[in-house]
Amino acid sequence: MQQDRIRNFSIIAHIDHGKSTLADRILELTDTVSGRQMRDQVLDSMELERERGITIKAQAVRVAWKGHQLNLIDTPGHVDFTYEVSRSLQACDGAMLVVDAGQGVEAQTVANAYLAIDNDLELLPVVNKIDLPQADPERAAQELADLIGGDAGDVVRISAKTGQGVEAVLDAVIERVPPPSGAADAPPRALIFDSSYDQYRGVVAFVRIVDGSFRQRERLLAMAEGTRFEAEELGFFSPTMQASGTLGAGEVGYVITGLKDVSRLRVGDTLTSVERPATEALPGYKDVKPMVFAGLFPTDSDDYPDLRDALEKLKLNDASLFYEPETSQALGFGFRCGFLGLLHMEIVRERLEREFDLDLLVTAPNVAYRVLTKDGREVEVHNPAEMPSEIERVDEPYIRASIIVPKEYVGPVMELCTERRGRFDHMEYLSEQRAVLIYELPLAEVVVDFYDQLKSRTRGYASFDYDIVGFREGDLVRLDVLIAGEPVDALSLILHRDSAYGRGRALVDKLREEIPRQLFDVPVQAAIGSRVIARETIKAKRKDVLAKCYGGDITRKRKLLERQKAGKRRMKQVGAVEVPQEAFLAVLNLQGSK
Amino acid sequence: MSGGVRHLYVHLPFCGHRCGYCDFVTVVGRRGQHERYVDALLAELELEAGLLAPHLETVFLGGGTPTFTEPAALRRLLRRMPRADEVTVEANPETVTPALARMLRDEGVTRVSLGAQSFQPHLLAVLERHARPEHVRTAFYHLRDAGFDNISLDLIYGIPGQGPAELHADIDEALSLGAEHLSCYELEAKRGTRFAHAHGAELARQAEAMEDYFEAVVGRLTAAGYRWYETANFCRAAETAGGRDLRSRHNLAYWLGRDYLGIGIGAVSTVAALRWRNTPRLPGYLSAVGSDASPPREVEELSVDVRGRERVMLGLRLDDPFLINGDEHLVDREALERLLRLGLVTRVGDELTLSSRGRLLGGGVTAELLA
Chain D
1 MQQDRIRNFS
11 IIAHIDHGKS
21 TLADRILELT
31 DTVSGRQMRD
41 QVLDSMELER
51 ERGITIKAQA
61 VRVAWKGHQL
71 NLIDTPGHVD
81 FTYEVSRSLQ
91 ACDGAMLVVD
101 AGQGVEAQTV
111 ANAYLAIDND
121 LELLPVVNKI
131 DLPQADPERA
141 AQELADLIGG
151 DAGDVVRISA
161 KTGQGVEAVL
171 DAVIERVPPP
181 SGAADAPPRA
191 LIFDSSYDQY
201 RGVVAFVRIV
211 DGSFRQRERL
221 LAMAEGTRFE
231 AEELGFFSPT
241 MQASGTLGAG
251 EVGYVITGLK
261 DVSRLRVGDT
271 LTSVERPATE
281 ALPGYKDVKP
291 MVFAGLFPTD
301 SDDYPDLRDA
311 LEKLKLNDAS
321 LFYEPETSQA
331 LGFGFRCGFL
341 GLLHMEIVRE
351 RLEREFDLDL
361 LVTAPNVAYR
371 VLTKDGREVE
381 VHNPAEMPSE
391 IERVDEPYIR
401 ASIIVPKEYV
411 GPVMELCTER
421 RGRFDHMEYL
431 SEQRAVLIYE
441 LPLAEVVVDF
451 YDQLKSRTRG
461 YASFDYDIVG
471 FREGDLVRLD
481 VLIAGEPVDA
491 LSLILHRDSA
501 YGRGRALVDK
511 LREEIPRQLF
521 DVPVQAAIGS
531 RVIARETIKA
541 KRKDVLAKCY
551 GGDITRKRKL
561 LERQKAGKRR
571 MKQVGAVEVP
581 QEAFLAVLNL
591 QGSK
Chain F
595 MSGGVRHLYV
605 HLPFCGHRCG
615 YCDFVTVVGR
625 RGQHERYVDA
635 LLAELELEAG
645 LLAPHLETVF
655 LGGGTPTFTE
665 PAALRRLLRR
675 MPRADEVTVE
685 ANPETVTPAL
695 ARMLRDEGVT
705 RVSLGAQSFQ
715 PHLLAVLERH
725 ARPEHVRTAF
735 YHLRDAGFDN
745 ISLDLIYGIP
755 GQGPAELHAD
765 IDEALSLGAE
775 HLSCYELEAK
785 RGTRFAHAHG
795 AELARQAEAM
805 EDYFEAVVGR
815 LTAAGYRWYE
825 TANFCRAAET
835 AGGRDLRSRH
845 NLAYWLGRDY
855 LGIGIGAVST
865 VAALRWRNTP
875 RLPGYLSAVG
885 SDASPPREVE
895 ELSVDVRGRE
905 RVMLGLRLDD
915 PFLINGDEHL
925 VDREALERLL
935 RLGLVTRVGD
945 ELTLSSRGRL
955 LGGGVTAELL
965 A
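If you read the sequences in order, they're chains D and F.
Take the first sequence: its letters are residues 1 to 594, numbered as in the working numbering.
Take the second sequence: its letters are residues 595 to 965, numbered as in the working numbering.
What the hints contain is simulated information worked out from the structure, not anything from laboratory work.
Do not take every clue at face value.
[Stated by the list, open to error] Below 35 Å or equal to it, Euclidean Cα-Cα: the simulated DSBU-like pairs (lysine-lysine) are:
id	chain 1	residue 1	chain 2	residue 2
1	D	289	F	784
2	D	510	D	539
3	D	539	D	455
4	D	541	D	559
5	D	407	D	161
6	D	161	D	66
7	F	784	D	559
8	D	455	D	289
9	D	565	F	784
10	D	541	D	568
11	D	539	F	784
12	D	548	D	559
13	F	784	D	548
14	D	455	D	161
15	D	510	D	559
16	D	557	D	541
17	D	313	F	784
18	D	289	D	260
19	D	565	D	539
20	D	374	D	289
21	D	565	D	548
22	D	510	D	568
23	D	510	F	784
24	D	161	F	784
Source: prediction; values computed, not measured.
Please model the entire structure based on the sequences and the hints provided.
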């Protein structure tokens, strides 16, 4: 295909603003799939896909429209995946910015619009759901025009559901999105913007060809990693995999590499030909670092190998997931996992539980801390239990949060942000009704229960997005929980000094409620270093014996005793104290809220 | 041919009324069947005679309410019992007349266990006991008059509605009678009983108060010169009883892990590596034994280890030291060290003894201790 007849674009939208419906309608309108097929092929959940033996999810679908080749590149929609959005956008030349006609611009719309602008994409503003009774297309169009600069009259009004206006959007893609630049006769270069793993075919790279062209069976080189392999198959999704033999400049498609080790082909790397190598790699992506960490432990310690296997499998398709073995005295063997954000953590946890049928204990999430010790060492801490004791200073990650909210909720949102150590930056009005609040907040204050609080204090109307803006010093302490004098590593927290007393008290109270009385007094303490800030005592049991036991009772009593014994084995041992798993769960749940 | 079993239990299931909290094998009324049941007991005894030693140490007639059995039938049964050093019969206060007491004495009964439970009328009503407090006292006097010098009283604490003052009043009454032996049980609402249904919630509520009650029972009785020789059993200490050992020899046999034969419906026997439980159903029992066959039984095989574990579980209920020698592999050494450190157990050579607190926590201690 001639380069000037190619258009690469993506759809960016806030959750539920109709991105998938629009994508489906485009596939249908371009005769890429029939309506029936579409539901079967395109909307399949990951689980269904696996049942059918298709493990590769289309990241880019090629459609034909009025003599042009349009490549629709998928982007994840959530704040945690900003990084992934940005790398998908790098494969595009334009983007539809879709806004719900009833909801208007949301925080994610703003964040993604800025991302697209940063990537020099041509933005096509679209107002969707104009068929809905509560739609206010004019207001939404005005908000969009104000956001990206332009005229509300240029905003395309559509209903992805009914199909109204969708043809006009496709026409606009051809008219307004520039064709890919790049030299068709230069040494080949392709950007890997995503990858996936198939157990039979190995690593599959999703690529945007920038210069030159690639042929099947050609020896390829990943320039940064130095990995060489043969292109087993080249092709594109339409919407199923279509082998094409070659991919030329400007095109988007896939390369089956046959590589069995995902780490050998990194997203952001540049592919070139071994025979006709390019001299300079394309600008890559900055390496993304996980910012939120939590310990994952199997409820049943026998499941540890299963958890390890499951994480390995997830990692194949999720390069941003980080994990390393962690041993907790209280919870046994597990993994410390790093996530891009809270949603990412939730998704991983859910997939582990649902797809791999694992029962997990998840510790309270914490962020990455940069610590300068008294003896001048700099360490990054991902686990409160590993916080050094002699600390000169601790820096914690900060975010710049944009919160869009109807004006009557500005007060409650400011209150929440202040409670969470937020620093007000500024506020703008998007329209007469809605404002954008910009705050700087410690990420640690956002990973625990912030989103739920934000939603509940605004009747669900607030939307929220954030960027990491760097590390800053904080007055942070490590709060330890001790049971019978033994620190419980899994319950340690890093938190701001001002909230330590309240949290310590709450933790100790909860544990006193949850830990059954033992054969001896059990002190439960919360401490900062050697200073105890809260203490309770679980008084020893004074009676634990069955009243009667005669000749006819012996078997039953023995079985009771064996059950009692088996029950003890299910307990987690902290020193000599038996702590039921439920107690840990209750405390971890408490830590998961503020 | 003779065996080595020296302890015989005989179950007499008949009762005038089934009390709400009771989960024993009982049969209400059926006066017409008492003679036939005694015939069946004697037939089963004949069948199992080979297991018994030539001379028995103990015979125990339990129930049910053995003294509710038709006197003629009961007398016939007692007459056919093998000779034994200790013969105990359980009795309900309202069934004990001077004539019955004399009959028991005449037929060789050496010990009577009287189901007093409480001396408070309203608490007896909660338990659905038909006896009134004065019945307990008069029954006790009839037994003394008939010459019994070894009487045991059963008391129950933790009855819904029983406050600490009422507990102490019951202990006062029991002490004033001067019984040789006292068994004190916390009321258990066994699952499925009417009682659990009616009072389960109340019992759960008062669970913590039971710690005080148990300590009060042990404290008062030991202060009054009783020996707390088993978790729930007390007898007058030898020094206040002219040197007599007033422990229940029959029950001691259970707690020392000895073999015993049980006959009658629902009765359990443990002999060597086998434990069996007779059918709890009267018709099935009568028809099988009537045709000279063993009654239907549930049989459980007991490994050497299981019997060892039972010996530990039962032995630690006693105040006498437990001789660990030979059962060491059954004990978790680390747990033992921990319990020694906590002062719940003491060890002298091969002998383990639970401290008072250790005995109050006996179930937990045993669960820790067993490997």
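Against the structure, the hints come out as follows:
{"no.": "1", "hint": "D:289 to F:784", "verdict": "violated, 59 Å"}
{"no.": "2", "hint": "D:510 to D:539", "verdict": "holds, 15 Å"}
{"no.": "3", "hint": "D:539 to D:455", "verdict": "violated, 41 Å"}
{"no.": "4", "hint": "D:541 to D:559", "verdict": "holds, 22 Å"}
{"no.": "5", "hint": "D:407 to D:161", "verdict": "holds, 30 Å"}
{"no.": "6", "hint": "D:161 to D:66", "verdict": "holds, 22 Å"}
{"no.": "7", "hint": "F:784 to D:559", "verdict": "holds, 16 Å"}
{"no.": "8", "hint": "D:455 to D:289", "verdict": "holds, 27 Å"}
{"no.": "9", "hint": "D:565 to F:784", "verdict": "holds, 21 Å"}
{"no.": "10", "hint": "D:541 to D:568", "verdict": "holds, 16 Å"}
{"no.": "11", "hint": "D:539 to F:784", "verdict": "holds, 27 Å"}
{"no.": "12", "hint": "D:548 to D:559", "verdict": "holds, 15 Å"}
{"no.": "13", "hint": "F:784 to D:548", "verdict": "holds, 12 Å"}
{"no.": "14", "hint": "D:455 to D:161", "verdict": "holds, 27 Å"}
{"no.": "15", "hint": "D:510 to D:559", "verdict": "holds, 32 Å"}
{"no.": "16", "hint": "D:557 to D:541", "verdict": "holds, 20 Å"}
{"no.": "17", "hint": "D:313 to F:784", "verdict": "violated, 50 Å"}
{"no.": "18", "hint": "D:289 to D:260", "verdict": "holds, 24 Å"}
{"no.": "19", "hint": "D:565 to D:539", "verdict": "holds, 21 Å"}
{"no.": "20", "hint": "D:374 to D:289", "verdict": "holds, 26 Å"}
{"no.": "21", "hint": "D:565 to D:548", "verdict": "holds, 19 Å"}
{"no.": "22", "hint": "D:510 to D:568", "verdict": "holds, 21 Å"}
{"no.": "23", "hint": "D:510 to F:784", "verdict": "holds, 32 Å"}
{"no.": "24", "hint": "D:161 to F:784", "verdict": "violated, 63 Å"}
Violated hints, in rising order: 1, 3, 17, 24; the structure is consistent with all others.
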